[in-house]
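Enquirer: Each chain sits in its own coordinate frame; assemble them with the hints.
Protein sequences, first through last, are from chains R and W. All residue numbers for the first sequence refer to numbering that gives the first Met the number 0, where the first residue is 0 and numbers rise by one. All residue numbers for the second sequence refer to numbering that gives the first Met the number 0, where the first residue is 0 and numbers rise by one.
Keep in mind the hints are simulated off the structure, nothing from the lab. Heads up, a few of these hints could be off.
To give an idea of the chain R side of the interface with chain W (calculated C-beta under 10 Å), a few residues [unchecked claim]:
(1) V10
(2) A21
(3) R25
(4) H29
(5) R30
(6) V42
(7) E53
Examples of chain W residues toward chain R, derived with CB under 7 Å [to be verified]:
(8) R3
(9) V4
(10) A9
(11) I11
(12) A207
(13) V210
(14) I214
(15) D215
(16) K233
(17) I239
(18) A241
Don't be surprised by glycine CBs; every beta carbon is placed ideally from N, CA and C.
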Amino acid sequence: MQVTLRNPRRVLEVAGPVRVSALLDRLEIHRDTVLVIRNATLVPSDTLIEDADEIEIRPVISGGSS
Amino acid sequence: MKCRVCRQPAVIDLRRHNANFCAEHFVEHCREQVRRTIDHFKMVAPGDRVLVAVSGGKDSLALWDLLVELGYDADGLYLGLGIGDYSDESGRYARDFASQRGLHLVEVDLRDDIGFDVPTAAAVTKRVPCSACGLSKRHLFDRAAIDGGYDAVATGHNLDDEAAVLFGNTLRWNIDYLGRQLPVLPARAGLPRKVKPLVRLAEREMAAYCVVRGIDYQVEECPMAAGNRHLGYKEALNAIEATSPGAKSAFYFEFLDKASHLFANRAQTERDGLQACQSCGTPTPGEVCAFCRLVERTAGATPVELTVKAPPL
Chain R
0 MQVTLRNPRR
10 VLEVAGPVRV
20 SALLDRLEIH
30 RDTVLVIRNA
40 TLVPSDTLIE
50 DADEIEIRPV
60 ISGGSS
Chain W
0 MKCRVCRQPA
10 VIDLRRHNAN
20 FCAEHFVEHC
30 REQVRRTIDH
40 FKMVAPGDRV
50 LVAVSGGKDS
60 LALWDLLVEL
70 GYDADGLYLG
80 LGIGDYSDES
90 GRYARDFASQ
100 RGLHLVEVDL
110 RDDIGFDVPT
120 AAAVTKRVPC
130 SACGLSKRHL
140 FDRAAIDGGY
150 DAVATGHNLD
160 DEAAVLFGNT
170 LRWNIDYLGR
180 QLPVLPARAG
190 LPRKVKPLVR
200 LAEREMAAYC
210 VVRGIDYQVE
220 ECPMAAGNRH
230 LGYKEALNAI
240 EATSPGAKSA
250 FYFEFLDKAS
260 HLFANRAQTE
270 RDGLQACQSC
280 GTPTPGEVCA
290 FCRLVERTAG
300 ATPVELTVKA
310 PPL
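One chain only, chain W, in its complex shape (with noise of 0.2 Å):
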């Protein structure tokens, strides 16, 4: 296979696009996906200071790289999240990558800083263990970029995250998550812009790009995400793509110019009826915030050992 541009060896192909990239000419894909994506969906304005939600995986790693090869100004921010020895693991990864870089990484520790782990949240609230860490994870960052003086918090969702997401939130026609699926999400009181520049590229192209620019990063998945609901839909959404190339692409951005303005009103209702929290500020449309409750609910509780270890390397 030769690359698209300059018919030299190709490292990858890319059958959505119908194309094949060398190393060089892959990298400059991909620098050109985000760049059209924070222009189109208006996402980052110059000047402005980005705080980069960092897991040590590929999609986050591959952004805060996207983003400083591109010249803007962002730092990173790893959420320590208790889960074991993929924690210790994952926390390796994204220093390394800000050491070897000269980058600036905010650390928070949920154990530490906060008094829960995700294991110990899972067990007292007897819900799935990514109900406490998505709901963790989205308030830690945004007071993170509030108090940091940010104006942007980036997260790595990529184009098979958005599909799937937006294929669970379809099946069960959630509507309020529908009307709140979008791009770029503006700055309001106590919450600032979230954006997500990845979304024009797939998951596949996150982990190439990352091993082109020579990024390491934690490959095991997380021992407390097996079976979860979302890997279901990635899995029925990547049957589809292999019969059907496009189809993830198409049903996620035509939803964005088709169909996700029937759910706004919907959800400005939402966040209009929102006030602050009575114990931490945030927006919330009861008196305390969930994460108030969260922290409220395990003060005390014994941690809980993870019995999951993470896979060996």
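Isolated chain R (complex conformation) (with noise of 0.2 Å):
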């Protein structure tokens, strides 16, 4: 399946099927930290995914001190 992280953005390649968290676990990622979204909708942490799926992996952290 290919992977798109952003912050930056790149792209991965991860071999299915696996579960939503045993690839955040995979890819060292903590889940409070993301959304995962599975070909534009959103997947809960058990969600089992496969080498067609398109998954985005995006942050929701932001900062800035005000």
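Expert: As structure tokens, then:
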């Protein structure tokens, strides 16, 4: 599957099937810091994602001191 | 995973609530959290006009959407900060959101309307960009609200933002700041009421709300905020949250319940000592407020060419 990461934007190829939680563990990403979007739809951590899926891992943390 | 409410497939799991929601009930959850926050802290009264500080990011657009959906009279204010491509793009998200929904967006541009931008202010003052940015936002949002006859300024500070600020202020025992770190600050002469209706919702919930509601927002981080202290505090709190879900919420809301009153007198004393800025009339501890001093210092400065580009989409 194609996995798109942001900030900076890059694309990884990851072998499926794999659950969202396992994918995040493999990429060492804490699940509370991102959303996982499959084919433009939000999915929870137990979702099984397949080779044909397009996945975006979108960071949710924003900064600034104001 | 099944939705806690309807048992249909969930789109999000929220560990700190030990709950999963489908799209429909997740939106309902967010609206209920905001409704509760506004009612509990008496943020907005029926008939009030609210000015939402809109950046083009997830929190401010979600807040604007939530307030309108809950029936509040809410306009937006976008402040152009002059941070190169990043600002150009953030302005587009704000304008698109407003125009698609027929909402009123007020715009102020730091460079065109005031005479400086954030990169130039940072260079002139030799301070981190977030300092001039935050100062300018606070001042200009307040001014726009007063000039426009709004009853309150609403900002998109979420639970993660408030917990991170509290963490930083506690690490350094900044008791002046702790005394005014409240979800609502009442209006006083020269300053509007300020409210933070998203304090019960985490950063991830706000991003999810935007995805579920189809709100396009600027995902990329401000290029000038990279590595700032505030982001470091969020990382530290997220590390704690990973092993102790709900820790951030407890940290912030237990502070409000059990400790914030201990600093209230200090904050009141500080407020009592303010006088009108000789230049603009804003309450300030000195003769001239920090924003007017910044305008004075940056007058005539050569605009700084931003060397850090926003990452590609």
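Enquirer: Next step is simple, just say for each hint if it's right about the structure.
Expert: How the hints compare with the structure:
no.	hint	verdict
1	V10	violated (12 Å)
2	A21	violated (15 Å)
3	R25	violated (16 Å)
4	H29	holds (6 Å)
5	R30	holds (8 Å)
6	V42	holds (7 Å)
7	E53	violated (15 Å)
8	R3	violated (12 Å)
9	V4	violated (15 Å)
10	A9	holds (5 Å)
11	I11	holds (6 Å)
12	A207	holds (6 Å)
13	V210	holds (5 Å)
14	I214	violated (13 Å)
15	D215	violated (12 Å)
16	K233	holds (6 Å)
17	I239	violated (11 Å)
18	A241	holds (6 Å)
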